[in-house]
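Protein chains in written order, with the working numbering: chain A, 216 to 470; chain B, 216 to 470; chain C, 216 to 470; chain D, 216 to 470; chain E, 216 to 470; chain F, 216 to 470; chain G, 216 to 470; chain H, 216 to 470.
Just so you know, the hints here were simulated from the structure itself, not pulled from any lab data. Any given hint might turn out to be false.
Dumping the calculated DMTMM-like pairs for lysine to aspartate or glutamate here, alpha-carbon to alpha-carbon at most 25 Å [claimed, not checked]:
1. Lys229(G) with Glu222(A)
2. Lys229(F) with Glu222(D)
3. Lys229(H) with Asp232(C)
4. Lys229(C) with Asp238(H)
5. Lys229(H) with Asp238(A)
6. Lys229(H) with Glu274(C)
7. Lys229(E) with Asp260(E)
8. Lys229(B) with Asp238(E)
What follows is the residue order along each chain.
Protein chains: 8
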Amino acid sequence: MVEKEDEMASILQKIADHELSVDMAMNQLKDPGFVELNYAKVDTDRPHRTGYPEVIYGEGKTASQILGIIQTMVSAEMNVLVTRVSPEKAAAVLAVYPKMIYHDTAQILTWQSIDVPPLPSAIAIVTAGTSDLRVAEEAALTAEAFGNSVSRVYDVGVAGIHRLFARLDVIRQSQVVIVIAGMEGALASVVGGLVDKPVIAVPTSVGYGANFGGMSALLTMLNSCASGITVVNIDNGFGAGYSASQINHLTENTK
Amino acid sequence: MVEKEDEMASILQKIADHELSVDMAMNQLKDPGFVELNYAKVDTDRPHRTGYPEVIYGEGKTASQILGIIQTMVSAEMNVLVTRVSPEKAAAVLAVYPKMIYHDTAQILTWQSIDVPPLPSAIAIVTAGTSDLRVAEEAALTAEAFGNSVSRVYDVGVAGIHRLFARLDVIRQSQVVIVIAGMEGALASVVGGLVDKPVIAVPTSVGYGANFGGMSALLTMLNSCASGITVVNIDNGFGAGYSASQINHLTENTK
Amino acid sequence: MVEKEDEMASILQKIADHELSVDMAMNQLKDPGFVELNYAKVDTDRPHRTGYPEVIYGEGKTASQILGIIQTMVSAEMNVLVTRVSPEKAAAVLAVYPKMIYHDTAQILTWQSIDVPPLPSAIAIVTAGTSDLRVAEEAALTAEAFGNSVSRVYDVGVAGIHRLFARLDVIRQSQVVIVIAGMEGALASVVGGLVDKPVIAVPTSVGYGANFGGMSALLTMLNSCASGITVVNIDNGFGAGYSASQINHLTENTK
Amino acid sequence: MVEKEDEMASILQKIADHELSVDMAMNQLKDPGFVELNYAKVDTDRPHRTGYPEVIYGEGKTASQILGIIQTMVSAEMNVLVTRVSPEKAAAVLAVYPKMIYHDTAQILTWQSIDVPPLPSAIAIVTAGTSDLRVAEEAALTAEAFGNSVSRVYDVGVAGIHRLFARLDVIRQSQVVIVIAGMEGALASVVGGLVDKPVIAVPTSVGYGANFGGMSALLTMLNSCASGITVVNIDNGFGAGYSASQINHLTENTK
Amino acid sequence: MVEKEDEMASILQKIADHELSVDMAMNQLKDPGFVELNYAKVDTDRPHRTGYPEVIYGEGKTASQILGIIQTMVSAEMNVLVTRVSPEKAAAVLAVYPKMIYHDTAQILTWQSIDVPPLPSAIAIVTAGTSDLRVAEEAALTAEAFGNSVSRVYDVGVAGIHRLFARLDVIRQSQVVIVIAGMEGALASVVGGLVDKPVIAVPTSVGYGANFGGMSALLTMLNSCASGITVVNIDNGFGAGYSASQINHLTENTK
Amino acid sequence: MVEKEDEMASILQKIADHELSVDMAMNQLKDPGFVELNYAKVDTDRPHRTGYPEVIYGEGKTASQILGIIQTMVSAEMNVLVTRVSPEKAAAVLAVYPKMIYHDTAQILTWQSIDVPPLPSAIAIVTAGTSDLRVAEEAALTAEAFGNSVSRVYDVGVAGIHRLFARLDVIRQSQVVIVIAGMEGALASVVGGLVDKPVIAVPTSVGYGANFGGMSALLTMLNSCASGITVVNIDNGFGAGYSASQINHLTENTK
Amino acid sequence: MVEKEDEMASILQKIADHELSVDMAMNQLKDPGFVELNYAKVDTDRPHRTGYPEVIYGEGKTASQILGIIQTMVSAEMNVLVTRVSPEKAAAVLAVYPKMIYHDTAQILTWQSIDVPPLPSAIAIVTAGTSDLRVAEEAALTAEAFGNSVSRVYDVGVAGIHRLFARLDVIRQSQVVIVIAGMEGALASVVGGLVDKPVIAVPTSVGYGANFGGMSALLTMLNSCASGITVVNIDNGFGAGYSASQINHLTENTK
Amino acid sequence: MVEKEDEMASILQKIADHELSVDMAMNQLKDPGFVELNYAKVDTDRPHRTGYPEVIYGEGKTASQILGIIQTMVSAEMNVLVTRVSPEKAAAVLAVYPKMIYHDTAQILTWQSIDVPPLPSAIAIVTAGTSDLRVAEEAALTAEAFGNSVSRVYDVGVAGIHRLFARLDVIRQSQVVIVIAGMEGALASVVGGLVDKPVIAVPTSVGYGANFGGMSALLTMLNSCASGITVVNIDNGFGAGYSASQINHLTENTK
């Protein structure tokens, strides 16, 4: 990968200095930054660009495709995180890599070959109801895999808003807040109006009828009258956990 | 109108008793219960069926059509309420009926020829923001026209939820609560979780982008996780005021 | 829970009077009003706020989560109502609580530990067709659980409108009317034009093609040309029964 | 136009009989059945195929384009019907063809050069409200232009259903019924359940909020629980009048 | 049922003439026109109002509910038609009524206790593809059950439009044309431009992706540039067959 | 089939020359261009009109219907391509035609009885992810069946855009580019901005939540800010392969 | 721009050969390929990448922004094409560049400083109606600006399909066909079934009611049962003209 | 406002210590945290809760309502930011507060009475096109008002992706990235795949046809295949600027 000018100038300088032949430079410049697997091109350059290794999206991939990608990442000594893995596919993977851990509520497979020490500053994960657990745990495990502490505040939806007030201190002590809610998703606005930290809202498909598969909560969160709320896709616990981790790590970088 | 069996039996008995000729009975049975105006059939039977006179929906009617219907109702000694009247149409009506009152925030025309004494028990009208005023006043004036006291609690949206708590006593002292909100409409759920009275939620078209003309608040309110909330059409302040009045009058009937 | 000012003033006075230590007052103020269950926070304060105990929404919860919540409520001597319980989950619950009753048409579990004497004034539940039965029974059982009499008027859709007229007296004698209809949902408007009581309309997902999962009936009911109609979510029999009960109890409170 | 086999066989026979040269036959077969106007190809073959001359859809055409098409039809001695003509365009056309008649409620221009005697059997046009008049008159004038008698039954929506019953005889005496309604469009189902004649339903865009420009009434009519109802596009009075005329003329053809 | 004035006047006259007691008249007037089945009110008055007996919509009804309704209709000596019956429900019904016929392509059950002689004039049923067969046969069997001849013209979609032209004579010889198409549904417009008879278009859910369950074909048909096309719900073969039958019978009545 | 004037003139001339009787000519003109199969009309004229034989769309057809159509095409010595064939139906077909090949990733059946030599110029098929493979192979096999070379460039989505740049040469050397992507489908715009060849974009249903079954990628591709992109239906690999083949063959025709 | 490896290798070789300093090479590699205008970055590298200069999309840009971009392109000796220019903006531009030509039907501004000789092979542009002219001319002028001959075949919609057959020869003699239609857009499928060349379909927003701003025609074209059709955005005449030109030029390149 | 326990405990302790009377404590607890303006309740407690003063949303408020709220905030010595102010309303405000500044591209009014020194770490604002300027400036001015440095990178959409690569260094040096794009919105995914900082995506309503008022770009951004992207409402530049500022300030707090 060659977008960074410094790298490019350094290569050019080496050619001028005869430290590098044109052929060798071309090879170096042509280093693809990925491993070709026929059905996939595993992105080995990603930590360099975005700070984190590639995360495998398990849905729509066969167990053997997932295994192939894991093998490539393990060879490259990367930590592995696979989301949306059904129990059947998980079993097939665990048969080959028995050291991997399958988190069944979150439907996530993880393997931490390299230790990631958690940041002291926490991410709060707040849910409206019990049915939002799968998405909440997907967010929590993602955040933990990338070295964050997580405060879980579950089932504090606005039908009984005193439950939220009772946990407000925990929420306010974190650096970033993830709010997860289905049905009408009003919790995001209420939290947004009470905290001074960035809020990432995750609509879930929990509900029926006019929730239209999560559309209802999604629109609620996009139209929030409270400021400081950004939104990810319906049921996208992973995305919320990932973004929250990026934000939380900013505090580390600048210390 | 002849659906009520008692009325029918009474007519039949009178025929049997020769107190009524067949022709006269037919006329009585055929009393249409409306006045034919060519472009409209004014429903003069409505108070008998539903307890209230017809309300004129002003949109899509010309000023002269509105005038014709008003004239019919005035002749029948009914109170007149016209909703969604533009200032232009209102001016045309007031030129003919200078005693009518035009409420410009609510875009409503009223004429109370018969006095309607207000019930002691109140209807609370709660709005999320300042931009919801037109709809709120449409609801308030409708409720007042039908003999209800109204408590106005405006601009208490969830972005600053303490404003709502500061007015919770007023809300809890009313018999019915109307909650009016645009954008994400979360206020309805929050109020629903805090009171023990029926809540009627009115989504408004206030907002932009993914509010899709009020769809966002509508879906929020339909999917509310709080119980005891029913919903009317987007911007339908009149409908909420009408239903709240019906409910409030139940308490009177049963005393 | 501390929103009510009287309660707060009374606590403060007791501190001033040295009848209460600051610590004890803090505990009392900090009484959360819920029981923490890890996956749920059961709202034990709800009867105080909204007049009714929490109702358990069974969908998306595991049988063991439902059992845990039931146990908490039973310990708190609350009546239990669980909606949207599949026969499989119901069987698991009944194995532990054999005294609970499973209503299979409505897919509802109930346990009335405290007797709720029914009000004399009734709620009419009117359906358009036979396929609306599940939703209708969910509404009926909810209303009955909260102490209301219910008049069932089923299968009187507008394709044969004389069936409705034949039952109009029963409908008119009730205090609140619930109208349940799928397909085009026209029944709500027709009933709304014939009665002087509040009408709660429930669209159902019955139908196919352009009914789009109940959207068709929902839009019909929201746009009704008849006044006095409010709407709940598609298939939300519970919500209609709950709101109707709230309205019906108003008549009691004011006597 | 050559699809009809008889015509084709007759031409071939004439060639075989040397009554027609190959060139002449090719010309005859190649008779395009339309007049080329650069911006339009006026379909002069339509009466032959569908029984009626082309009707000009005025929207999206300039006044001069409309004039050009009228001129072509007038030259071909066809009756002219132009729908959706704004007053401005109508004035431009009338300046050239002062004998044409502009119906301003319906926004239609007509010119009957050939007399079309009306059928004795009538088409009933039933509307829910006063605001549906433009669409109703578009349907009525179309039907009358094609030789049908029309019975107008306006403003009989289900909010006051007795108005409909009062006019049921007129409706039942017609051969075809057109029902026109906006908002929730329930009238179509009610009429469909009461008559034994084909019902054509026209949803209108009358309403606001969740009527979504007529979508609400459209879905209602498509999902009707009553049998015997077919539907045309939102506000398509012309289409309903045209189809009703086709149906009404069937009775004539078969006598 | 009492809407018809003649009937009413006759009853009143009889009372005046002492040929009928008030009680007897009330009974006669109160004849409900339906049979109460607890879960259904079978509409026995329908032939009187709409010319055809009630048709049972099988979806969403249990086999035992269907059986109960059939029994009521058989007792009343009505012909029976049940649509959308799964093979499982059909087997349960046939076990009780072995003389009924189950048409498995159309998923329809029929029993003709009274002979309905077919009209000489035919209904053409035209489909775009092979996958539209279920809907086409639902339409065809409905039309035949109500005494119509049917011309089946299947698989003539516009991808090979010459197949349509080859069958145009058959189509043109019928009194009414039903066009059934999924995917983009263009066939309806093409047929509409070629015939002078009313066309009823049935969109089907055949297709994938952006057909959105038949929405694509539905919109096509509603927006047709050809005149004389009316539309029924997606996959509603029954509705099309029913309406076509009504239209076809008009020709009979007027002869 | 008779649309081509030359053919028609030649027939007419033969009649004039008494080389052909009128009856024979009528038969020739009436040659339907299809084989009637009761449930299908196999279009044998298609190669003549569109350059390719009919392709069988397997979904919604029974195995025996598919077999019947194959038999007809085999008899007419056409190459056979069946798309969207489930493994079960494929097995039933292979039992009768064991020489056919079933491609299980693409769910396609093929039989090349006539050899189609591939063009030297290639079609590039570019996918965003591994989950797009089924659609990609449907496109690839279609293109190969019609005599095109295919360059497969899989899993180069914009999350790791360097993978695309690494394969840009292969893409730029082809005559037409097919871009296949689900989720947000951004890859099409990026490729469109980098190549000077026509790009056909295929949205896939890969994704969840607010992808609404592929709608998300579809809208992305239709609204592309890059020029030179046209779009086919969601998951329509066949359509893309077919259109690409048509375009690629243009280069051959003009050499 | 540096993606092409040859260019890169040549630069590296020159450095190795001391023909180029590292600084100079860096400048050359860093040549941005665009001109910075503060509010815009004019893409001067586009002809190199995609074969055509940038086309200016006029909507949402001020007249002075358009003028600035034109000036940049004129300086770079590029031909200029601006689409969607209102008459007001056009006047402002013409005041500065009086040699530019404004095509008012198409709302396009052009300036051909470099002569583009037209290809002999033509693009056919086929429209369903007169109201599609603006879009058709946008496509036609785009194609002509890029050196293509255009055959205009206007107003041949399926309501009078013989008009299409009369022009089929012109259509079949072209290399690419653009089909433009609003309302139900059926014309695309019909043309697709009759020609052996690639068809680009353009849905237009012509129509009303359930056409939903062109959605109806868009869905029709995406779901076409005919093969060989690809689709562009609603009203996107430019995009169709551009893609057709790319395809048409393929034939040239390969000669 | 009393949610914070420390504050509460401190008040209670003072009462116990007789430093505070019960009445005074009640007043203090009852301090509403807002100023009542009849049509608005200005939230003066917000800086305390969320770190920033209330921002006035100008749309749907009259100039005099805006003035009233400004006056309240000025009295409370808060900085003032009003978004979505039309030039007309701005003029009315400036007539009263001539020191306020109106930014006409962004349609924002600002008044910084208290100096907010900018953070050294920057927010990058990246747009796809020139037409996205209004939204971009709304984001930029919001961020600057809250003490952030802003790097503007405009018009780098994927149709000419080299423009983005040319500015990648500027983007990578910022702490947070806002990506603003209309049409298909692909830029967000491309940027997301290239940086290791949180990306906030803003869909704009720029485009036409199937962009459905910004829905297209919104769905693109929600479904992004790149990780680390969160989304705000269509055209919500303010919201993006606000959230980015919150994130950027985290880095400050933790130093």
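Cross-check of the supplied hints:
1. Taking the CA atoms of Lys229(G) and Glu222(A), the gap is near 19 Å; set against the 25 Å cutoff, the hint holds.
2. For the given pair, Lys229(F) sits about 19 Å from Glu222(D) by alpha-carbon distance, which is consistent with the 25 Å threshold.
3. For the hint pairing Lys229(H) with Asp232(C), the CA-to-CA distance comes to about 13 Å; that is within 25 Å, so the pair holds.
4. Annotation: proposed proximity of Lys229(C) to Asp238(H) holds, straight-line Cα distance about 13 Å (limit 25 Å).
5. Distance restraint check for Lys229(H) and Asp238(A): the Cα-Cα separation of roughly 80 Å exceeds the 25 Å cut-off, and the hinted pair is therefore not satisfied.
6. Taken as a hint, the Lys229(H) and Glu274(C) pair is broken in the structure, with Cα atoms around 49 Å apart against an allowance of 25 Å.
7. In summary, the hint linking Lys229(E) to Asp260(E) is supported, as the alpha carbons are separated by about 23 Å, within the 25 Å threshold.
8. Between Lys229(B) and Asp238(E) the CA atoms are separated by roughly 13 Å; this keeps the pair inside 25 Å, and the hint holds.
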